[in-house]
Every structure is written in C-alpha cells, then in structure tokens.
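Q: So you can see what is in the structure, the chains are spelled out below.
There are 2 protein chains.
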Amino acid sequence: MQPYELTLAHAAQQIRARRLSPVELVDSVLERIDQVDPHVEAYVAVTAEQARGAAREAEQEAARGMFRGPLHGVPAGLKDLIDVAGSPTSASSRVRAGHRAAADSTVAARLRAAGSVLVGKTHTHEFAYGLTTPQTGNAWDRGRVAGGSSGGGGVAGAAGAAPFALGTDTGGSIRVPAALNGAVGFKPTYGLVPRHGVTSLSWSLDHVGPITRTVEDAALVLTVLDGHDPRDPASLNTPALDHRPEQEPDLAGVRVGVPRNYYFDHVDPEVEAAVRGGIAQLEVLGARTVEIDIPMTRYIQATQWGLMAPEATAYHEGTLRTVPELYQEDVRILLEAGELMGAGDYLRAQRSRTLMQEEWARLLEKVDVIAAPAVPLTAVEAGQESITWSDGSTEAVSDAYVRLSSPANITGVPALSVPVGHDTAGMPIGMAQFSRRPGNRTSNPRVT
Amino acid sequence: MQPYELTLAHAAQQIRARRLSPVELVDSVLERIDQVDPHVEAYVAVTAEQARGAAREAEQEAARGMFRGPLHGVPAGLKDLIDVAGSPTSASSRVRAGHRAAADSTVAARLRAAGSVLVGKTHTHEFAYGLTTPQTGNAWDRGRVAGGSSGGGGVAGAAGAAPFALGTDTGGSIRVPAALNGAVGFKPTYGLVPRHGVTSLSWSLDHVGPITRTVEDAALVLTVLDGHDPRDPASLNTPALDHRPEQEPDLAGVRVGVPRNYYFDHVDPEVEAAVRGGIAQLEVLGARTVEIDIPMTRYIQATQWGLMAPEATAYHEGTLRTVPELYQEDVRILLEAGELMGAGDYLRAQRSRTLMQEEWARLLEKVDVIAAPAVPLTAVEAGQESITWSDGSTEAVSDAYVRLSSPANITGVPALSVPVGHDTAGMPIGMAQFSRRPGNRTSNPRVT
Numbered sequence: 362m363q364p365y366e367l368t369l370a371h372a373a374q375q376i377r378a379r380r381l382s383p384v385e386l387v388d389s390v391l392e393r394i395d396q397v398d399p400h401v402e403a404y405v406a407v408t409a410e411q412a413r414g415a416a417r418e419a420e421q422e423a424a425r426g427m428f429r430g431p432l433h434g435v436p437a438g439l440k441d442l443i444d445v446a447g448s449p450t451s452a453s454s455r456v457r458a459g460h461r462a463a464a465d466s467t468v469a470a471r472l473r474a475a476g477s478v479l480v481g482k483t484h485t486h487e488f489a490y491g492l493t494t495p496q497t498g499n500a501w502d503r504g505r506v507a508g509g510s511s512g513g514g515g516v517a518g519a520a521g522a523a524p525f526a527l528g529t530d531t532g533g534s535i536r537v538p539a540a541l542n543g544a545v546g547f548k549p550t551y552g553l554v555p556r557h558g559v560t561s562l563s564w565s566l567d568h569v570g571p572i573t574r575t576v577e578d579a580a581l582v583l584t585v586l587d588g589h590d591p592r593d594p595a596s597l598n599t600p601a602l603d604h605r606p607e608q609e610p611d612l613a614g615v616r617v618g619v620p621r622n623y624y625f626d627h628v629d630p631e632v633e634a635a636v637r638g639g640i641a642q643l644e645v646l647g648a649r650t651v652e653i654d655i656p657m658t659r660y661i662q663a664t665q666w667g668l669m670a671p672e673a674t675a676y677h678e679g680t681l682r683t684v685p686e687l688y689q690e691d692v693r694i695l696l697e698a699g700e701l702m703g704a705g706d707y708l709r710a711q712r713s714r715t716l717m718q719e720e721w722a723r724l725l726e727k728v729d730v731i732a733a734p735a736v737p738l739t740a741v742e743a744g745q746e747s748i749t750w751s752d753g754s755t756e757a758v759s760d761a762y763v764r765l766s767s768p769a770n771i772t773g774v775p776a777l778s779v780p781v782g783h784d785t786a787g788m789p790i791g792m793a794q795f796s797r798r799p800g801n802r803t804s805n806p807r808v809t
Numbered sequence: 362m363q364p365y366e367l368t369l370a371h372a373a374q375q376i377r378a379r380r381l382s383p384v385e386l387v388d389s390v391l392e393r394i395d396q397v398d399p400h401v402e403a404y405v406a407v408t409a410e411q412a413r414g415a416a417r418e419a420e421q422e423a424a425r426g427m428f429r430g431p432l433h434g435v436p437a438g439l440k441d442l443i444d445v446a447g448s449p450t451s452a453s454s455r456v457r458a459g460h461r462a463a464a465d466s467t468v469a470a471r472l473r474a475a476g477s478v479l480v481g482k483t484h485t486h487e488f489a490y491g492l493t494t495p496q497t498g499n500a501w502d503r504g505r506v507a508g509g510s511s512g513g514g515g516v517a518g519a520a521g522a523a524p525f526a527l528g529t530d531t532g533g534s535i536r537v538p539a540a541l542n543g544a545v546g547f548k549p550t551y552g553l554v555p556r557h558g559v560t561s562l563s564w565s566l567d568h569v570g571p572i573t574r575t576v577e578d579a580a581l582v583l584t585v586l587d588g589h590d591p592r593d594p595a596s597l598n599t600p601a602l603d604h605r606p607e608q609e610p611d612l613a614g615v616r617v618g619v620p621r622n623y624y625f626d627h628v629d630p631e632v633e634a635a636v637r638g639g640i641a642q643l644e645v646l647g648a649r650t651v652e653i654d655i656p657m658t659r660y661i662q663a664t665q666w667g668l669m670a671p672e673a674t675a676y677h678e679g680t681l682r683t684v685p686e687l688y689q690e691d692v693r694i695l696l697e698a699g700e701l702m703g704a705g706d707y708l709r710a711q712r713s714r715t716l717m718q719e720e721w722a723r724l725l726e727k728v729d730v731i732a733a734p735a736v737p738l739t740a741v742e743a744g745q746e747s748i749t750w751s752d753g754s755t756e757a758v759s760d761a762y763v764r765l766s767s768p769a770n771i772t773g774v775p776a777l778s779v780p781v782g783h784d785t786a787g788m789p790i791g792m793a794q795f796s797r798r799p800g801n802r803t804s805n806p807r808v809t
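Those protein sequence lines, which keep their order, are chains A and B. Residues in the first sequence are numbered from 362 upward in steps of one, following the working numbering. Residues in the second sequence are numbered from 362 upward in steps of one, following the working numbering.
Just so you know, the hints here were simulated from the structure itself, not pulled from any lab data. One or more of the hints may lead you astray.
Claimed, not checked - Cβ-Cβ distance ranges computed for the label pairs, FRET-style:
1. D654(A) with R616(B): 54 to 60 Å
2. D691(A) with A463(B): 58 to 64 Å
3. D752(A) with A722(B): 52 to 58 Å
4. Q662(B) with A634(A): 57 to 63 Å
Ideal Cβ positions, reconstructed from N, Cα and C, are used throughout, including at glycine.
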C-alpha cells in the first residue's frame, strides 16, 4: 500500500507513531497527482514546492515530539474558491486572471494551524455555479462528469490525489461530486464553518466542508474547521465541538426516517436499490426505520433558485457589466437571468425558506436521521444535458443532480453523502443522510 | 377638569381610589369625541355601546375590589389596522369594505385583559402607506395635516378623544403624528410588541406602540403590550418587563448624543431651536451631551424604501390585481411601483440594514440616548405636497416627515417623540429620543 492510499485517520496514526514521515506522504501524493491529474484534471494548480516545504516543517516538528493533531503533515486539496495567501483564487474562471489572495481564508488558516499541508487548488464549476465541473473527468471514468461544483475535490479525494479536500456546497456542490466519485462529502450545519475568504455563490446558502474517503476522516477535518469567526456574518457563535465519532458507534434505538415521497421519485432503479440496501444495513446495525413525508416539496426548486439567482448576480454585478465575455456561456446566462428577478420573488423565497426550516425542524424531531439517495443518478457522460425517466419525462442533468441535496442548503441542516455501491456500469452510488442541527445552533438564515 | 382631560396615570389613580368610575370616564371621553370628532375625524368608527358595557364591567369589578392594573377602565382608541373581534378592520380603505375581524389581535386582547375599554378605531393613512392621513385634521388646526400614518390616534390622543391610542410605525407612523399634534409617541424595540392580527405594511419594519399624553403613560401601556407571542415570527422570546419609570428619574451621568450631521440638516429653525432647548433642559437635569456622527446617512432613504416597497407590494399582490381602482391613487402608485423593484435592490437593502444595525449598535454604546428633532417641520397645510428649504432645495412633504424617524425602523432601536414646544404658528414641535435595545434582545431583522 502506498502512502497516498491511506485514509486520513490511518495516515495520522502512522505519522504520530513516526512510522510515516510527512515528507514521504506528500511525495507519494504529489507523485500520484503527476500520475492521474493529466487524465482527470482535478487540480487548477499544484504547489509542490511549498507543500514539500510545509511537509519538512511538519516532519521537523514531529522529530521534536510536536504533534498538532490528526491533520499534522496530512496533505489537502482546496477548492479554488478558497483563498490561500499569495496564491490566485481562480474560481476556475478567466474572470479571475491575475488574481492573488492577500491572506488566508479562515479555513485555510485553520488547516495550516492544524499542521495540514496544502498541495494545491482543485477545480470548481466556474464560480461554483453548476453541477458538472466540465474541466474535470470522473475518477472512475474520465469520459463522465466529475459532478460539481466541487468536482476537482471529489475526484482528487476519490483518486488518491489528496487524502482530503475542502469543497463548498450551495445546492449540493460537496455531496454531488462525492457521490459521483465514490467519496464521502459532508455539508455542515449552516454557519458552523466560517466562510471568510471563500468566494461566495449565494451567501445565505453557502457552506464549506470536507470531501474525504471515510466518515471518520470527515469528522477529523470538521473538528479543525468548526469555530466562530465574526468576519463571516452568518458564523455561529457557539463553542467549537470535537466531532470525532466514538470508537463503537451504536445504532440501537436510532430512528432513521425513510422518505415516502420526493426522494425516491425519478430515481434510477440501481441507485434506489443500493440506497435501500444501505438502509437495510443500518437496520442490521440496530437502527429502526420510520416512514416520513418530506414537507413542501413543490417549493424546493423555486426556493433554491429564488435565493441563489439574485444573490449570485449581486456578487458578480460589477464584472458582469465590464467583462461578460470572460464568463463561460452557461454561467453568464444564469447570472444575467438573475438580473431579471423581481424583489417579490426573492422575498417569497425567503419566506418559503422560513417555513421549510420550521417544517424540517419538526420532521427532525420525529427521526434522528433521514436516509435517502444523494443524487438520483450516477455520473453521466460528459456533455450529456438531459436525462429521460421511465415515465417518459425528461429533466436537465443539473436539475436532477441538485434536486435531492438542495433542501439541506435551504434549511441549513447538516447533510452527508456516503458511498453505498456501484451501478452495473461501475459508477459509484451515494446515499445521503440528513440530521438535525445541534440544539443550541439556531442562527439560521431567517426571513424577517 | 373633565375626566377626559386626565392623563392615563392620573385617571388610573382616581379609578383605583374609587374617586372616578370607569363609566364616568368613558362617558366623558365619548362626549368629547362627539364634540371634536366631527371637526377632526380622528375616528373611523366609535363603538359607544360596547365601550359603555365594558366600562360597566370594569366598574363592577372595581366595586368588588378587583383592579386589573393601571389600564383598568381606561378608554383606548386603536388604529384601524388592529383587529378587534367582530369589528371591521378598515385600514381606512375601500378595499376592506365588508371586512370583519374574526378574533382580537394580540394587542387588543392584552388591552382588554388589562381592563382597558376600547372606544373605537382611529384613522390611518390608507393601509399605513403615507405620512399625512388626509381624512383627519390636525388637533391644533384642522386645516393642517394630522401626520401619519397613525394620524387618527395622534389627533385623538392630543384632542382628549382618547386617553391613549395604539398606532403602528413602519417609518415613523407613530412618532410623526405624535410630534405634529403635541402627543407622546413611542415605537418600541423591533419584536417587543407582537403584531399578530395587525395589518402589515412591511413586516421587517412594522412596530405597534402607544400614543399618549405623557412618557409615563407610554410606559404603562408598553408594560401591558410587551410579551412574546409565537404567532408573530419576529416576536422576541424574552421575558416581558415592567417599563414604568422610577418615581424620581435621575439624569446624572446620562450621556445624551447630539448628532453633528443629518438630524439638524434641512430642519426648520423654530424646530431646531425648540429641540436644542429640550436638550439644554436635559443638561439642566444632569445629563451630559456628547457630539455624535450618524452613520450611513446616504443609505437611509434607499434602505427604507428598498425594504418597504417590495414587502408592501407582496402583501397587496392579490387585491392590486383584482381591485386596483379601490385604492387611493397615491397608495396604488406606490404599490404598483413596488412591483417593478428588482431582487437585487431588495437584497442590497437587507444588507445595508445589517450594516446600519451594526453601526447604530456601536454608536449606542458611546451614548445612552440620542436626542434630535422628531420631524424637520411642524404640520403643513392639508394638500401641501412639497416644501422649500432655505438653500432653495425642495423636498416632498412625506419624504421630510419620514426622514428622521426611519432609521429607528431600519435598525429596530426604540424611539420616542415628546413635545418640546410650539412654533410661532402655534403648532407643536416634537423631540425624538433613540436608545439602545435592551442587552438580551438581539433577534432583529438580519440579512442572511
């Protein structure tokens, strides 16, 4: 087994025991990047020299007996919306040519302080406004989409090109690429991870979170990212928690909500079968399933778009006027469409969000977790724009990819995607889990 | 002295001492209404029989030694946006013809429970969307405007046609008519008084509060209105307080902020002189004045309108489509203009509000209270649409009346208007006081 193949937790163990050196690990990861990235293009930029320097420092610290925690000496890829001091934040866009971040984002600074080694910036669908990340190929079949918008991070995590990556998630952008590449993607509670220094798509829906190979690894990263930062106005002012799981998690008595509606409608039969298999496995481990009804489903798409479109357009207002030709056409069209939205649509979306938050909070009192498909279909061929369901209806690929994940962005509840198998074409299938917010964390986006 | 001339506190004292009967008091107030209301038209409807019935009950309770508190047996006028079970809530509009409220609003129910006797519904500028209340004449000169939108309440309070009234305030609608008629008007902290059952103008700016003859009376009414009600989503979930002042309020050490900018720009010299006289009086009583700078003044008007216009239009969406001809022209034009507002304008107004809230909170750490003119000019002649300032610039009358009060709606801070004299035409002048929100009350409207 090569060092790049280790999970974060396992690598951390080896580093702590001084059986693995951070330099050895980063060299192995950089070699793996050299090997796979020409095929999948997960990275916008690899900062090999800085990474080797940081790894040497981590090694020297380890030699002195200093161990900063489980991320000590562990390489990471950061979605290229996340500022790293001195590096460009390209947002995978020509609009950002010549950009250079003056300071670290909060999350980059926290990773560094925890000893993590930043190896490079991973591709995003341009400015995070899409679900495919067309520059990047899927880790399992480079002719298929990586998913998006954190496509580079999903592919890097799954392909061994980063032990873990950070993504951002506004409608599913961490969980969708995680699901399509067979990685674990976690979108935390709204406000838990500060977004200072992270390019915004839609500030009332944006989240930062980890893409990893295991749930334990996601918990290790989250523990480092959690914590208040007043420079993000939505940052929760609550004590940071240790999110690492207990050694022997016990599912006895855990109530798993299985949606009767919405989450299994227009879902590929192979995806449904794998997810139902995953739910059966939870039952084997002691959980009890409860049938539930997802509330307000006909408002989900309108609420997501009603919030996202005007907020995204407001962010790009300046450059949309001065350099519209530098945007990719799909993104420019979405941004320009946002200019036409009326104030009434935006305020109705805000009111609808408030109601959905209340309904989901009630639902998540009845069950501890909701289990469902993460995305209704696996990775499609690059360039495929729509899919046809068995009832003859068609749907845009990006609408399909976002539809099951966006409720967690609207409501702010934490949401996870975990791999639960592969379809007959060999492509990974993701199962989503939604759970309630921690009790004292209520500073969610509210209509006023 | 006739009973209708008593302040609320004095009437309460007399009733408690059984030197005044609630029936005697309500008869005196109803007689006063008969005498003055044909001239000023403060009331939409007077419910004399119900009022006499309620007064008899209050009297019987008093005879049994039961005394519900300082509002026991004291008549009140309610702005006709406030639901009273079984009565129409006309909003002074033809759109509401045939309306009948099924249940009491929270504030009407609380007044009744406190023993208050509802004598009638007072005029509002149609649906509260204006600063003049054209149906109603000023208490001091019926050829001049009453101010608005709670014009009926301001006039009734000042003219002895109600010991106190309830108004609503979205940009100054309690404080403006109080100032123009020589009454006390108080807009509480946002969320302190529940708005359930009160017709909305703009939910993120709407407040309910008292119009009285003294500050002590305002505190007595506020103590009854304060308290959480989950049926208003913005209602603060904090313990209700007793707002009655100490017997000997001490101003020693109180820091009074006197604005260097904005609040004395384009202000009538007689108004300025009276307000500066009021401030000097505070100094005589021991307060210390501090010069302050009002933040973000160029955003005040755009923020107020950017929030109010789309929220008002959203509320009227249905009737604006079906019965536009039933609205007064000024209100219909404002509502239709709101339909043209873009989502970007609304979200920019929300963001600007968040910044203004932060800036005012910082300002109100430096001083305990801000003293300034309530309105820049006294009551104008009915029908006058604009005024010309000494530098030759002109301003719409309603823009002038709203400009000094709306910052308290945007920021949610409590704001009071108190009489400080009369101009040479004999018209009352109001001084405003703004103070900080109570420490634990932070659930203000926030952009997310």
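Q: Now look at each hint and say whether the structure bears it out.
A: Hints versus structure:
1. Hint check: D654(A) to R616(B), Cβ distance near 56 Å, so the stated range 54 to 60 Å holds.
2. Distance hint for D691(A) and A463(B): a CB-CB separation of about 51 Å, inconsistent with the stated range 58 to 64 Å.
3. Against the hinted window of 52 to 58 Å, the Cβ-Cβ separation of D752(A) and A722(B) comes to about 55 Å, which satisfies the hint.
4. About 60 Å separates the C-beta atoms of Q662(B) and A634(A), a value consistent with the hinted range of 57 to 63 Å.
The structure is inconsistent with hint 2 alone, although it conforms to all the rest.
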